[in-house]
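J.: If you want the building blocks of each chain, they are given just below.
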Amino acid sequence: MAAPDDSRVPRRPGLLGRQFRRVSGPIKESRGLPRVVLWIGTAITGMWVLVAIFAPWIAPYGYAQYQTAAGERFPKHLPPNMDHLLGTTVQSTDVFSRIIWGARTEVEVVILAVLFSLAIGLPVGLISGFKGGWLDRVLVLIMDALFAFPYLLLAIVIAFLLSDVLASGVLTAAIAISVVYVPQYFRVVRNHTISVREEPFVEAARAMGARPRWIVTKYVFANVVQSVPVVATLNAADSILTLAGLGFLGYGIQPTQGAEWGYDLQRAIADAGAGIWWTGLFPGIAIVSLVTGLTLLGEGLNDVLNPLLRPRRTEPVKFPDKQDDGAETGRTQPEQRGKS
Amino acid sequence: MSTKPDRSTKPEAAPAQPAATGRPDGDTSTPLLKLDELKTYFPLRGTFLDRLIGRESGWIKAVDGVSLDVKRGEVVGIVGESGSGKSTLGRTLLGLAPATSGAVTFDSRNVAALKEPQLRQLRLRMQLVFQDPHASLNPAMDLRTAIADPLKIHGITHDPDDLDRRVREVLEVVGLSPPERFLDNYPGELSGGQKQRAVLARALILNPDLLVLDEPVSMLDMSVRAKILSLLGRLKDELGLTYVYITHDLATAKFFCDRIAIMYLGRVVETGPPSAIYDDPKHPYTKALLRAIPDPDPSRHVPRDLPRGEVPDAVNPPLGCAFHPRCSMAYGPCGWEGRDLRELLERRWTRIPEEQYERERAVIGELARIDMPASRVEVPAGKGYQGGDVVELLETVRADAPNDPFWHGVHAIQAEDGHARVDFNTPHDPVLKQQGRVQVACHLWDPELAPRDGPAAASGGDGRDRAQQ
Ligand SMILES: Nc1ncnc2c1ncn2[C@@H]1O[C@H](COP(=O)(O)OP(=O)(O)OP(=O)(O)O)[C@@H](O)[C@H]1O
Ligand SMILES: [Mg+2]
Chain A
1 MAAPDDSRVP
11 RRPGLLGRQF
21 RRVSGPIKES
31 RGLPRVVLWI
41 GTAITGMWVL
51 VAIFAPWIAP
61 YGYAQYQTAA
71 GERFPKHLPP
81 NMDHLLGTTV
91 QSTDVFSRII
101 WGARTEVEVV
111 ILAVLFSLAI
121 GLPVGLISGF
131 KGGWLDRVLV
141 LIMDALFAFP
151 YLLLAIVIAF
161 LLSDVLASGV
171 LTAAIAISVV
181 YVPQYFRVVR
191 NHTISVREEP
201 FVEAARAMGA
211 RPRWIVTKYV
221 FANVVQSVPV
231 VATLNAADSI
241 LTLAGLGFLG
251 YGIQPTQGAE
261 WGYDLQRAIA
271 DAGAGIWWTG
281 LFPGIAIVSL
291 VTGLTLLGEG
301 LNDVLNPLLR
311 PRRTEPVKFP
321 DKQDDGAETG
331 RTQPEQRGKS
Chain B
1001 MSTKPDRSTK
1011 PEAAPAQPAA
1021 TGRPDGDTST
1031 PLLKLDELKT
1041 YFPLRGTFLD
1051 RLIGRESGWI
1061 KAVDGVSLDV
1071 KRGEVVGIVG
1081 ESGSGKSTLG
1091 RTLLGLAPAT
1101 SGAVTFDSRN
1111 VAALKEPQLR
1121 QLRLRMQLVF
1131 QDPHASLNPA
1141 MDLRTAIADP
1151 LKIHGITHDP
1161 DDLDRRVREV
1171 LEVVGLSPPE
1181 RFLDNYPGEL
1191 SGGQKQRAVL
1201 ARALILNPDL
1211 LVLDEPVSML
1221 DMSVRAKILS
1231 LLGRLKDELG
1241 LTYVYITHDL
1251 ATAKFFCDRI
1261 AIMYLGRVVE
1271 TGPPSAIYDD
1281 PKHPYTKALL
1291 RAIPDPDPSR
1301 HVPRDLPRGE
1311 VPDAVNPPLG
1321 CAFHPRCSMA
1331 YGPCGWEGRD
1341 LRELLERRWT
1351 RIPEEQYERE
1361 RAVIGELARI
1371 DMPASRVEVP
1381 AGKGYQGGDV
1391 VELLETVRAD
1401 APNDPFWHGV
1411 HAIQAEDGHA
1421 RVDFNTPHDP
1431 VLKQQGRVQV
1441 ACHLWDPELA
1451 PRDGPAAASG
1461 GDGRDRAQQ
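Protein chains in written order, with my numbering: chain A, 1 to 340; chain B, 1001 to 1469.
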């Protein structure tokens, strides 16, 4: 046997890279409504993420800034104008700047919350589903109890308990929100694990002599993790609302810690009666658009990635035409079975 | 970590060396694998209440007392209908399903008694190939990773170059060449035959001694079947493998196996070399299976009387010989019982005119009371009828079809208060007995039980002579 030359061992993408390829394939191939939904969702979400990243360059003022650099206080309740694109609030802060900075808060909290709940929900769901038995039953019971708890109340309790411990409002809010969403990740991952566990390739791995740990990480995980992007985006949409709810009730990000749309909405309640519409309308639009974007993204991903919903596209059947020049004019019969 | 350095380099080395050399236990006289009264039962999932109070509501007797020797280098076929416990037998051999009792001796160790960590070591040497190649490959793993995985699992090598070299070698061995074309493919991108080759490669990379092939070609296209089977045959010779070949297809078993065991409801009913089994099947079940093989020559007219009825359920198998309810040659000692009586009555009632059925049905009470595996049943009389009426009815039934094998099993019918008592002959469990070149578990061939004019009597002396050879 010739010594293997290194050129024949190409560098391969790691596990994440290969997973990405498996996910990106169906996305590129998607057609029709799911594709439109997916792209609109991506566009809206992407816009807000860009806004969050470039907030310092986009926002003309700081989120708590109520005077110019020269110390001149902004007028309060100023309607939208050239200096203050979306007007000013009762505290003389700039509505536009607060929305831009708010985007940053939302994105930070949501990303952290998704990471936290994944970090707990994914491994616990995997172990619970794979091991089964009494451990599974106990965990399911705990998670169902958490799930049955009114989610906003749960988030408030956690935020309240943590507010003295953690200095960072973003971290507190993220943890409070992740506790709310852990049960959902747990459920999805556990149920998927249970179905994958029964697959012959898992028994094949056992027959090869693999330890349970190896089976879970190499055989079960890669198949279960595909259901995560959909749950994560849909939960992200939901957690925007939870964060806004926390802020609205005064348990979220404190005004000294950052801009937050839910808090702004709450402050705008009094304005609405006085005909001052800009302080409430714009944060409201921001919330609705980000939630819509994430929901569309999640639904689009679900349609595209979920093999049960994915319309089965049969390859067009080609009949070679009997033509003298021998050119094969494909007669195609595109067949698209829509999801029911 | 491997204690057997030769093992890991085999795909290139083995074709050069004869099968038996280089192996510490190359002795062909002691079997590589020996099953001794192996039983694998699965607990039946009872009702919620049963489970709540921890009551077992019964057992599925998937494998019910199988004894079998597999010699080194041999191909032993396990043939049977769906549900006869073939796959469970295969899984038990590898310790994937826990044996309920009995022993699986592989290389002087009892697999059935080993714990998981020891089993993992043993799995270096015995591998399983599943029926469905698609489902037995991880869809999220490319072939390179999937086939190299056993080496990583057993810590044989982690060196990427070494892994790559071995994977390429074994891909060539199973005929997936050039390997570059397949290394980075995911299972979904391969055809069925290619997938099964990949599964084979994964099983062979550890250089096992024993391969359990669970219907390895039954999900494949006809044109691919022959290729995979001949590949398997070639690999066996080149690599010195031993196969347990599970199939429901007697036709392929014929040319592929050195020995065949016919399974029915968890038991082996007949075993022997294919030539003997095909030319002169002894067990009525084997005969029925052989008749069911589609004949490519339409001019030859063979009766296609598949055994009537379904495979009985493995929780409460029939008394005596499990095949007797479907057997056209069953007689006295085969284990006739209450459930057979019920079936007989119901079969009759579907044939007779409506008003006659109404009349007869009224004579007998609740049928569920005879629907049990018992050699003595009390057939309850219907409302307004006596035990005598029931006896009378049963005698009418007998008179209408006196040749039904069922009546061989009835010892006595007596009228009692409110019911008729039916006593059946004592059931006997058939055991495997040498008969010519095969072993068969059927009372017809048992000189002590067989009827005077039965096949055992006809060829009895001859058979016993040959058995002693
Ligand atoms: N894990 C299990 N739990 C409970 N019952 C089982 C299990 N595996 C198999 N059985 C039962 O054991 C019996 C034998 O099943 P098995 O799969 O061994 O049959 P088979 O001969 O391989 O059939 P087929 O040809 O359809 O593959 C069946 O009644 C089946 O329902
Ligand atoms: Mg099977």
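Derived by calculation from the structure, the hints in this document are not laboratory data.
Even for Gly, the Cβ is constructed at its ideal location relative to N, Cα and C.
Heads up, some of the hints might be wrong.
Here are the simulated distance ranges between beta carbons [said to hold, decoys possible]: (1) A:Lys131 / B:Glu1172: 35 to 45 Å; (2) B:Lys1383 / A:Phe149: 53 to 63 Å; (3) A:Thr217 / B:Arg1109: 23 to 33 Å; (4) A:Arg137 / B:Pro1178: 44 to 54 Å; (5) A:Arg137 / B:Glu1392: 56 to 66 Å; (6) B:Arg1109 / A:Leu161: 50 to 60 Å; (7) A:Thr217 / B:Ser1191: 49 to 59 Å.
J.: For every hint, state whether the structure bears it out.
T.: Do the hints match the structure? See the list:
{"no.": "1", "hint": "A:Lys131 / B:Glu1172: 35 to 45 Å", "verdict": "holds, 40 Å"}
{"no.": "2", "hint": "B:Lys1383 / A:Phe149: 53 to 63 Å", "verdict": "holds, 60 Å"}
{"no.": "3", "hint": "A:Thr217 / B:Arg1109: 23 to 33 Å", "verdict": "holds, 29 Å"}
{"no.": "4", "hint": "A:Arg137 / B:Pro1178: 44 to 54 Å", "verdict": "holds, 51 Å"}
{"no.": "5", "hint": "A:Arg137 / B:Glu1392: 56 to 66 Å", "verdict": "holds, 58 Å"}
{"no.": "6", "hint": "B:Arg1109 / A:Leu161: 50 to 60 Å", "verdict": "holds, 57 Å"}
{"no.": "7", "hint": "A:Thr217 / B:Ser1191: 49 to 59 Å", "verdict": "violated, 29 Å"}
Of the hints listed earlier, the one the structure fails to meet is number 7.
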